[in-house]
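K.L.:
These protein sequence lines are chains A and B, in that order.
Going by the UniProt record's numbering, the letters in the first sequence line up with residues 1 to 400, in that order.
Going by the UniProt record's numbering, the letters in the second sequence line up with residues 1 to 268, in that order.
Hints may contain errors.
Simulated restraints, written as ranges between beta carbons of each label pair [to be verified]:
1) V15(A) - K72(B): 24 to 32 Å
2) M392(A) - R214(B): 39 to 47 Å
3) E38(A) - G189(B): 23 to 31 Å
Derived by calculation from the structure, the hints in this document are not laboratory data.
From the three backbone atoms N, C-alpha and C, an ideal C-beta is built for every residue, glycine too.
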Amino acid sequence: MTTATVPDHRGRYGVFGGKYVPETIMFALEELEAAFNEAINDKEFNELFQKELAIYSGRPTPLTKAERLSETNGGASIYLKREDLNHTGAHKINNAIGQALLAVRMGKKKIIAETGAGQHGVAAATVAAKYGLSCKVYMGKEDIRRQALNVFRMKLLGAEVIEVTSGSQTLKDATNEAIREWVASVEDTFYLIGSAVGPYPYPKMVKQFQQVIGHETQSQFTQEHGGKLPDAVVACVGGGSNAIGMFAPFIEKDVPLFGVEAAGLGVDTDQHAATLSKGSKGVIHGSLTKLLQTNEGQITEPYSISAGLDYPGIGPEHAYLHETERVKYEAVTDKEALEALKQLCVTEGILCALESAHAVAYSLTLARSMNKDQAVVVCLSGRGDKDVHTLMDKEGGEYR
Amino acid sequence: MNKRWEVFQNSSDYRFVPYIMAGDPSEEATIELSLALEECGAAALELGVPYSDPLADGPVIQRAGMRGLAQKVNLEKTIELVSTLRKRGLEIPVIIFTYYNLLLQLGENRFLQLAEENGVDGILVPDLPYEESGYLQEMCSQNNLALISLVSPTTREEKLVKISSEAEGFLYCISSLGVTGIRSEFRDGLDEFLRAAKANSHVPVLVGFGLSQREQIHQFENSSDGFIIGSAIVKKIEELEDELLTNREEAIKTFKAYLESLLPVYSR
Numbered sequence: 001m002t003t004a005t006v007p008d009h010r011g012r013y014g015v016f017g018g019k020y021v022p023e024t025i026m027f028a029l030e031e032l033e034a035a036f037n038e039a040i041n042d043k044e045f046n047e048l049f050q051k052e053l054a055i056y057s058g059r060p061t062p063l064t065k066a067e068r069l070s071e072t073n074g075g076a077s078i079y080l081k082r083e084d085l086n087h088t089g090a091h092k093i094n095n096a097i098g099q100a101l102l103a104v105r106m107g108k109k110k111i112i113a114e115t116g117a118g119q120h121g122v123a124a125a126t127v128a129a130k131y132g133l134s135c136k137v138y139m140g141k142e143d144i145r146r147q148a149l150n151v152f153r154m155k156l157l158g159a160e161v162i163e164v165t166s167g168s169q170t171l172k173d174a175t176n177e178a179i180r181e182w183v184a185s186v187e188d189t190f191y192l193i194g195s196a197v198g199p200y201p202y203p204k205m206v207k208q209f210q211q212v213i214g215h216e217t218q219s220q221f222t223q224e225h226g227g228k229l230p231d232a233v234v235a236c237v238g239g240g241s242n243a244i245g246m247f248a249p250f251i252e253k254d255v256p257l258f259g260v261e262a263a264g265l266g267v268d269t270d271q272h273a274a275t276l277s278k279g280s281k282g283v284i285h286g287s288l289t290k291l292l293q294t295n296e297g298q299i300t301e302p303y304s305i306s307a308g309l310d311y312p313g314i315g316p317e318h319a320y321l322h323e324t325e326r327v328k329y330e331a332v333t334d335k336e337a338l339e340a341l342k343q344l345c346v347t348e349g350i351l352c353a354l355e356s357a358h359a360v361a362y363s364l365t366l367a368r369s370m371n372k373d374q375a376v377v378v379c380l381s382g383r384g385d386k387d388v389h390t391l392m393d394k395e396g397g398e399y400r
Numbered sequence: 001m002n003k004r005w006e007v008f009q010n011s012s013d014y015r016f017v018p019y020i021m022a023g024d025p026s027e028e029a030t031i032e033l034s035l036a037l038e039e040c041g042a043a044a045l046e047l048g049v050p051y052s053d054p055l056a057d058g059p060v061i062q063r064a065g066m067r068g069l070a071q072k073v074n075l076e077k078t079i080e081l082v083s084t085l086r087k088r089g090l091e092i093p094v095i096i097f098t099y100y101n102l103l104l105q106l107g108e109n110r111f112l113q114l115a116e117e118n119g120v121d122g123i124l125v126p127d128l129p130y131e132e133s134g135y136l137q138e139m140c141s142q143n144n145l146a147l148i149s150l151v152s153p154t155t156r157e158e159k160l161v162k163i164s165s166e167a168e169g170f171l172y173c174i175s176s177l178g179v180t181g182i183r184s185e186f187r188d189g190l191d192e193f194l195r196a197a198k199a200n201s202h203v204p205v206l207v208g209f210g211l212s213q214r215e216q217i218h219q220f221e222n223s224s225d226g227f228i229i230g231s232a233i234v235k236k237i238e239e240l241e242d243e244l245l246t247n248r249e250e251a252i253k254t255f256k257a258y259l260e261s262l263l264p265v266y267s268r
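Required output: the full structure, derived from the provided sequences and hints.
P.N.:
The structure is reproduced here in structure tokens:
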């Protein structure tokens, strides 16, 4: 199908992708690309990565049939790929382990990372501790205030959390600041990006380390269904790392794929993070992609109840899969996500992350439109412990 | 190459190229600051465009960008400012310093048309490395506009040779890793890097990033053809913000006095 030739040798997914960064770090991207290509063709590296995923993060994660949730909604059966059961509570650790092993292989002793809600920051701090690396995490002042618990976790893990006060003081500015720091310390520092964004080869590398989600799903599902593939696969999309990892083995197969963006208060308001539905072509954080911006090119601040989807850009491969119509991208509001989260809680006993709740919400709509003998797989990218505060603020009244 | 670049390139002076942000703290202030800079010896002028996400800039220029944004200055308005500068007598080359996303949204063709109409001489895009600049480079050549290239101490040798030999307007040598900002020290081996750039370049080789004092400028006299100062000047403008808005004449006097204390005698 469409993706056999992407990315090309210049790191392009169609027109998207590329390397839009200051000249000072171009050599580091080349060095990284060479080291990455060498590593993924090295049997020993791959075995080590698989081993760490198994004995440190607890993979493979289960594929759980959501019996009562499916029954409640009618239509197709819903299966949950349980990335929430990973060490540290989300899929982020897959990529963090992969990049940290690469950093060690390249002889780098320092890592830097950006974080929004703090999940990637926690994953980065975790692998830094495990592999004996120093770790600086850049986080917007506003996010530090909203996610005090994760800030404390990162510090417990030995990481230094650096407050970012530039711009709007959120994930986009934390990423700018991490890139600025990387430009200054590029000779001995590894930049551990948390999503399938950034200059090439980052989008490719993050996909490589996240595709374990899709591969496990495929083998678990086909084993249970006599070789048959699922009838639809759904994942939420902020930067897009869990989605690209989940979609990876299915892109070339005849399986409908759905990415779910955050519609916040609605895509017709100015309070959303629906980059593909409402954004336009532009450059953010080193990559040509779709983003939320003014006509003049000033990047605007997105909004979603879910901090992990609250990002004005999206990985370049998603922009490409959107343009080629291989993946259908839908948007789900705060309200719909909250309802799905609660429904999953009471029917399955699973509290998922607010990000993942967007995917769950759309899978319910989808399942209802399908037949009983069909199956939808949803990537449950993370668990909801981190969101309990937000949930108490929003929904607390109901439970008092 | 146009007449203004010819004068710039044929000059035997050690060239001073300042950077200021358009609209900081107002469009009229930008005009008068530019004229003051020329009067104090600037050989060319870099005019920054306010941007929400300036990832190659340190805090000083980030704040200047916020002030420019508050004045609703955009890429188009910045280009149009150049036309006013020309009417007010500015004769030195003007380079528009813009992030790539702003250029993309305006459209490269529209930019080139506006640049020509308004007397712009060059463009510098800090997040468009050599590898991604092919199309813009070609369009600029066709339109007689210099696309200013940057090289860094981390640039590989064969690439340094290539960029240096193809450079137009001037070659911008980044004197330290990191973002723009004021620094007290520079890295070792810088002279060697500058000499390698100079050996391959047909245009003046300028050193920039971090310079803020006369002694630092003297340090590079023998290995380069000039220097760029951004953050230190922008910081002075920040200090003078209120005065520039209320008592501009006095503020410009103070600004000129600052430039005289900063610049080597021969570049004035």
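K.L.:
All hints are to be evaluated individually against the structure, with a verdict given for each.
P.N.:
Outcome of the hint check:
Checked against the hint of 24 to 32 Å, the pair V15(A) and K72(B) passes, with Cβ atoms roughly 30 Å apart. In this structure the hint that M392(A) and R214(B) lie 39 to 47 Å apart at CB is violated, the actual value being about 59 Å. At roughly 28 Å, the beta-carbon separation of E38(A) and G189(B) lies within the given 23 to 31 Å, and the hint holds.
Checked against the numbered hints given earlier, this structure breaks only hint 2.
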